[in-house]
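Novice: All chains, full assembly: derive it from the sequences and hints.
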Amino acid sequence: NASGSEKVPLRAVGDSPRPRCLRGVNLEQMPWSYRAGSLAGLTAPLFTEWLREFNEGMRRQGKSVLLLLAKHEAHPYLQLSNVRMVFVPPATALAQPLDRGIAGDLKGHYRRRLLRWLPAERGVGQPSLLDVLHMLAQAWGDVHPGLIASCFRAAGFTPDASTEAVSLTSAPGLLSREQLERDGDPAGVDGDEGMAEGEDAGELAAVPPCPSEREVWRSLATLRRYLECQATSPDLFQAFYELEDAVHMVSAG
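With UniProt numbering, the residue at position 128 of the sequence shown is 128, and numbering never jumps.
No wet-lab data here; the hints were simulated from the structure. Given the structure is predicted, the values throughout are model-derived calculations rather than measurements. The beta-carbon is built from N, C-alpha and C at its ideal position, and this holds for glycine as well. Treat the hints with care, since some could be wrong.
Said to hold, decoys possible - Just the calculated beta-carbon pair ranges, DEER-fashion:
1) 251 to 128: 20 to 28 angstroms
2) 219 to 73: 41 to 49 angstroms
3) 85 to 10: 17 to 25 angstroms
4) 116 to 158: 33 to 41 angstroms
5) 36 to 206: 48 to 56 angstroms
6) 99 to 6: 19 to 27 angstroms
7) 96 to 125: 34 to 42 angstroms
8) 129 to 103: 17 to 25 angstroms
9) 216 to 85: 45 to 53 angstroms
10) 158 to 125: 16 to 24 angstroms
11) 72 to 216: 40 to 48 angstroms
12) 226 to 158: 39 to 47 angstroms
As the list claims (entries may be wrong) - Within a straight-line C-alpha distance of at most 27 angstroms, the following computed DSSO-like cross-link-like pairs (lysine-lysine) qualify:
13) 7 to 107
14) 7 to 63
15) 71 to 7
16) 107 to 71
Specialist: In structure tokens, the structure reads:
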């Protein structure tokens, strides 16, 4: 929306009707959606399906919204209960906010995450479609609400002045590297002094060694797969994405 306070999950369109990597995934609870289309990409039937779902979501929330669209053969006009479609002429000062920097910022975050992919540590080759969909969801989450609001203003739209200012601080669940190091190594605790009386070398040998980065990535992949199959809400993936970012931050150091 114009203030950047709400983001609709991204929908990806591919040419495969049943990708193998999506088998077993609880698609209704993912923070993204996928539909099979033609080689031409988005089609009118696919957009109509999304539009009706979007309208139903607004109806359930009791909201009526104005949807800005570019003129395109895949964008048919529909009379909907809670969504009013407005087509922006291509040559006008009232440009699409997406073209003012939102789409470019999304692509930049996606490229950054794609380049950060570590095949050696993850033990796999190129990312699958499922990996890419998760990266897209993470990249969309990286687009800051303040940037979205500024792009709407640059396009000639001014959000409600009563909208609260968006904080530029980090997400509450994401710890900095300093915090991770500090919390992981409590001050004043010595490893040798922490031994219980009577503890022998055999018991010390039972302490598991520090896992390698490859083992950590495999564990994260297992956790993600569990969430893909068993998640009851797309919001669970936000916590997983923050955990994955924290591991990236530690391994990059």
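Novice: Hint by hint, say whether it matches the structure.
Specialist: Now for the hints, and whether the structure bears them out:
1. 251 to 128: 20 to 28 angstroms: holds (21 angstroms)
2. 219 to 73: 41 to 49 angstroms: The hinted range 41 to 49 angstroms holds for residue 219 and residue 73, with Cβ atoms some 46 angstroms apart.
3. 85 to 10: 17 to 25 angstroms: For residue 10 against residue 85, whose Cβ atoms are near 20 angstroms apart, the range 17 to 25 angstroms holds.
4. 116 to 158: 33 to 41 angstroms: holds (36 angstroms)
5. 36 to 206: 48 to 56 angstroms: holds (51 angstroms)
6. 99 to 6: 19 to 27 angstroms: Given a distance of about 20 angstroms, which is inside 19 to 27 angstroms, the answer is holds.
7. 96 to 125: 34 to 42 angstroms: Given range 34 to 42 angstroms: holds, Cβ gap about 37 angstroms.
8. 129 to 103: 17 to 25 angstroms: Given a distance of about 21 angstroms, which is inside 17 to 25 angstroms, the answer is holds.
9. 216 to 85: 45 to 53 angstroms: This hint holds: roughly 47 angstroms between Cβ atoms.
10. 158 to 125: 16 to 24 angstroms: Once the Cβ atoms are compared, 48 angstroms apart, the range 16 to 24 angstroms for residue 125 and residue 158 is violated.
11. 72 to 216: 40 to 48 angstroms: holds (44 angstroms)
12. 226 to 158: 39 to 47 angstroms: holds (44 angstroms)
13. 7 to 107: holds (16 angstroms)
14. 7 to 63: It holds: about 14 angstroms lies between the C-alpha atoms, which stays within 27 angstroms.
15. 71 to 7: holds (22 angstroms)
16. 107 to 71: It holds: about 22 angstroms lies between the C-alpha atoms, which stays within 27 angstroms.
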